[in-house]
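Residue numbers (the numbering used here), protein chains in the order written: chain A, 1 to 529; chain B, 1001 to 1430; chain C, 2001 to 2220.
It is worth saying that the hints were derived from the structure and are not from the lab. None of the values given here were measured: they were computed from a predicted structure. We put the beta carbon where it would ideally sit given N, CA and C, even for glycine. Careful: at least some of the hints might be erroneous.
Derived list of chain B stretches under chain A, where covered just means 3 residues or more per stretch with a C-beta under 8 Å from a C-beta of chain A [what the hints assert, rightly or not]:
#: 1; stretch: 1352 to 1362
#: 2; stretch: 1391 to 1404
Listed below are the simulated PhoX-like cross-link pairs for lysine-lysine, each with C-alpha atoms no more than 25 Å apart in a straight line [stated by the list, open to error]:
#: 3; chain 1: A; residue 1: K207; chain 2: A; residue 2: K247
#: 4; chain 1: A; residue 1: K59; chain 2: A; residue 2: K86
#: 5; chain 1: B; residue 1: K1336; chain 2: A; residue 2: K129
#: 6; chain 1: A; residue 1: K59; chain 2: B; residue 2: K1336
#: 7; chain 1: C; residue 1: K2128; chain 2: C; residue 2: K2054
#: 8; chain 1: B; residue 1: K1077; chain 2: B; residue 2: K1198
#: 9; chain 1: B; residue 1: K1198; chain 2: A; residue 2: K17
#: 10; chain 1: C; residue 1: K2071; chain 2: C; residue 2: K2054
#: 11; chain 1: B; residue 1: K1054; chain 2: B; residue 2: K1241
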Amino acid sequence: MRTVTLTIDSAEVTVPKGTSLLQAAEGLGIEVPHYCYHPGLTAPAQCRICLVEVEGAPKLQPSCVTMAEDGQVVRTDSDAALRMRKGVLEFYLVNHPLDCPICDMSGECMLQDYVFDEGREKGRSREPKRVFGRDDFGGDVLYYGDRCVMCTRCVRFMDEVARDSRLTVVERGSRAVIDTFFEEGLEGSPFAGNVVDICPVGALVSKDFLHKARAWDLDHTPSVCTSCSQGCNIELHTRDNLVQRLKPRANHEVNGHWMCDYGRANYEWYNRAGRLEEPSSGRGGKRRGGDWKSALEHLFVRLVELAGTEVRVVGSPSASVEALGALLALAEAAGGAASGVFRSRRAESEDPMPGFPLLVRRRDLAANVDGARLLGFERVGDDEAAGGLEEVAAHDGIVVVLGDELADQSADFGGEAALYVYMGHFDSPAAGNADFVLPITTAAEEEGTFVNAQGRVQRYWQGLQPLGAARPAWLVLGALAGALMGGGTPASAAKAFAALAAAHAPLEGLSHEALGELGVALAAEAAHG
Amino acid sequence: MAYPYLHESETRVLSEGFGSPEARTVAGWRALGGYQGIARALEIGREATIEEVKASGLRGRGGAGFPTGLKWSFMPKEARRPHYLLCNADESEPGTFKDREIIRWTPHQLIEGCLVGSYAIGASHCYIYLRGEFFESTQVLARALEEAYGEGLVGSDVMGSGVEIDITLHVGAGAYICGEETGLMSSLEGRRGEPRIKPPFPAAVGAFGMPSTINNVETLAATPHILRHGGEWYRQWGTEKSPGTKLFCVSGHVRRPGNYELPLGFPMMELIEDVCGGLSGGRALKAVIPGGSSVPIMSAEECMECDLCYEGVEAAGSMLGCASVIVMDETTDIVKQVRRMAYFYAHESCGQCTPCREGTAWATRILQRIEDGRGTEDDLETLVEISEQMTGTTICVLSDSLAMPIISSIEKFRDDYLALIRTGERLGAA
Amino acid sequence: MSEARFRNPGWAGNTGDFELTEAEVRGSEYVGRRSPDGGHPSVAPSLPYMLVAKNPEAPLLEGPYRERLGKIRSRYPTARAALIPLLNMAQEIRGHISPATMNEVAGILGLSEAFVRGVATFYTMYNKRPVGRFLVQVCTNISCNLAGADEVLAAFLEHTGTELGETSADGDFTVAEAECLAACGFPTCVQINSRYFEDVSPEDVPALLARLRREVDEGY
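Isolated chain A, as found in the complex (with noise of 0.2 Å):
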């Protein structure tokens, strides 16, 4: 590849030939202020917030459209750049409405960062100022006109990215306005939320988080969709210990900048009320909550009586990898032969997105489907993740359950088995006929790793707290077989990584550590080994 040298603020800097000068001053850690430019769109350079001195050049430049040369000594920070910027930013603010106090972007609002960093104390404009008011574009997407800065992201984005162009700017020069064809909006359109993400201001805006929260209260936490086995990179946005919202989290070998609307929508089950709390044991009527100390001494206790009973393990393509393994672990470390099955919901079809193609919302509408066939489970029942389960609900050795919730199943599941051990998040008629029901963590509450469609693991990090006393079920299944092998019990997830990839060829040399925030393609990783 063929770089080029270039100075940029005094500091020299080397990157690949056809580099904007915004993305070497960024790989310098310095940011050029921008609205237009995005780094997942085409760049039109009309925001003119990014211009930049280059020696030798009559005017600024803008930095998101000019290549970086050898030699060229710029300058983000001149005088002439400076007094530019104030001045672009005071062109902005001439008809904004300033209304952050009641506007959702207030604390993340590239226009309130920039203003507070580099604009005029004080407006000079005494005029009154121009109002669109607000516009449902449809879905879930609020326009606030009056907030806009013109960067057409959105248009581009639907354009370019989405394939749909339904967004446009209509009017001309001040009377402007990003819209739709009259009453058509944005609805119906599986990508159409990424517009919100893109927005540099308040101007577009979600419908289901308005006015939710102070994006100064949110925490944010690197995770991984679990909507599907896309496996798009996310970020948890959390406050009170709930989920608030999820943002994409840029990944290129994944999701790019964006996320399917599908998968952005489905996250109040991590908020769920009825969730296991406790862990309690005894059927039917003479179930009794409990602690974890005594469900699992007797739970140990019952393991060792049944040894070499064969096992029947239910798990779920919700499940970590690292639960996975361990209930497998457990199912051999019980003595008997372990087969595992798992059930998935699956769409009719698949959903790509058209200018981003390595982004499919999948058929399999769980994340770590390809996380349970690599570790052996087989799927069984339909579409609607039911049926399938006819000989474990009649099998009379030891019966475990992970994750999956049985709600088609009846209340004599395993009723026949001489243990049924139940782990999930919520509690239905089948799950109740367990010897144990034991609550487990949500993805949310535990780290872990996933593998999606692509063959790629990912880790996912903890966002909350778990709820109650529910634990994640690696540590759980991985304390039991432990205990019951005469070793130790995992003292983290990498941890339990670890173990599962010295056992399983293709994680072979793989660690939570390498897997890193972006996740490694298996494919590749077991080439090289």
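Starting from the structure of chain A, add chains B and C where the hints point.
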């Protein structure tokens, strides 16, 4: 006298057929020497055609004054991709009314110019982008083009040379910014007429992504004459840096406004006093805008020694632009006229670039407030500063075009502003 | 030299020093009604008329108009480039560009409706709502303004009994302000449907309106 503009100082090259309905036909245009320029071009070849135009020193008549031959030479020589010639007939610069005159009186002059230009740059298709309001002149041109096709002057075999040049009339729908070359390209492609960032320049990536050259109507109309008579012949008029003749569009407070074809370098006061018969009612000169509304206003004093050529007007503190001389006498309310210009630019801003979108509208409101007698002296400093913030900071020069009259008028006619602000009096207003 | 200003046969009425007839200046022989099929393909994308007759319900692509669209499309390398010529044609037929028209045009060219709306609202010549039989557009930009265009505009409003941008009660006249029409030598310039009337003074307005009413049958 068939046509009123004739004055003894006039040098009728482009305007020879003005006022003569016969010149609208192929036969009539041939009688004036028409279609000899393209014939010679076809004879001497592409390179020599460009050289001839380079030798003439012809500069673009659309306002920027860029040397035409040089512009043509930027086009790639390869012929793998289609090349396009775009004729800019979107004449909309306030004060300018020369292209319409060329089109409606001598449509074949333009058609021949388009053939010369297309041939020189290797374009097999030329689009003439006409402003939508030109219904009548477009019809004259349409009829002429149909006739030219019928006579084999345009089309798959231009004058039997085997060269293919098609010409298509494309009509806009009302947007000043489509006169900007990249805005014109956007509009031609069926988009909002929004200018595009350069580079890439049109010669590399132009209309439909192909190499393109954009020339003004008057520029192209001059080329057949240059080809027919030679570049040196053209240099008999004008100055070293501004050779040839030019149509001067004179409007405003003169007795005989109109289009006058004069050699470049013609003294401005002679144009106003002699050719145009002086100011109406014998009133005194107050100001002149010499190049269409997008250039700095000149005070009467600055006009006295000003020669109307690119370098001459620049030396006098303004720009020749498209040589649209707007004359304002002592009764002129400068503040009102600047406000009207500001309104125009705000109305025509495409809205892409922030300094232009917000700045033109904001300046208009401030000027309106001053005009309404609610201005303050601070407003003048604000106006100058926001004008500076609108200069050199945008994709095209629309906002620069407003900044210039604002800054120059506040500098040169400050008293007019102050009178309104302090006492509500309109200086000079009749 | 005469103090009297030229009266340009552009055509406001008085011919002054000119020997040319109005027909000669306008090139009426040339400007006569062109066939709706657009004539030669090279000129098919140009806009012949803004017509007195406006039929918002008329089909867009019947007979000669369909033929014209075919010619238009043959002149451009992309379908999108036919958009402005097609919108022009739609307005010629229907008198204004309604949402339904935008939708139809989008369908014909395979463009998104939103895109077509964005384009239609960018250009001022597209009437987004119905206008009168005569659309009177008075230039009030600098050169005309210096000659008293504001008074000419006021005279049109007075004599048609309308407000700026509105249509007279009889449906005959919509009066609007225009930006520079490139006829600055003979102010005030007024564009009425397809024609320019130059050197119009406030006093000319009643006669001009009367003339237009007489000419309705001519159609443009």
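Verification of the supplied hints:
For the stretch 1352 to 1362 of chain B, the assignment as covered by chain A holds, since 10 residues bring a beta-carbon within under 8 Å of that chain's beta-carbons and 3 suffice. Closer than 8 Å: that is the beta-carbon criterion, and the stretch 1391 to 1404 of chain B has 4 residues meeting it against chain A, so the requirement of 3 holds. Proposed proximity of K207 of chain A and K247 of chain A is supported: the alpha carbons are some 14 Å apart, at most 25 Å. Pair hint K59 of chain A plus K86 of chain A holds up; C-alpha atoms about 16 Å apart against a cutoff of 25 Å.
Restraint check: the Cα-Cα separation between K1336 of chain B and K129 of chain A comes to about 23 Å, which is no more than 25 Å; the hinted pair holds. Annotation: proposed proximity of K59 of chain A to K1336 of chain B is violated, straight-line Cα distance about 32 Å (limit 25 Å). About 14 Å separates the Cα atoms of K2128 of chain C and K2054 of chain C, which keeps this hinted pair within 25 Å; it holds. Straight-line distance between C-alpha atoms of K1077 of chain B and K1198 of chain B comes to about 21 Å, which keeps the hinted pair within the 25 Å bound.
Proposed proximity of K1198 of chain B and K17 of chain A is supported: the alpha carbons are some 19 Å apart, at most 25 Å. For the given pair, K2071 of chain C sits about 23 Å from K2054 of chain C by alpha-carbon distance, which is consistent with the 25 Å threshold. In summary, the hint linking K1054 of chain B to K1241 of chain B is supported, as the alpha carbons are separated by about 12 Å, within the 25 Å threshold.
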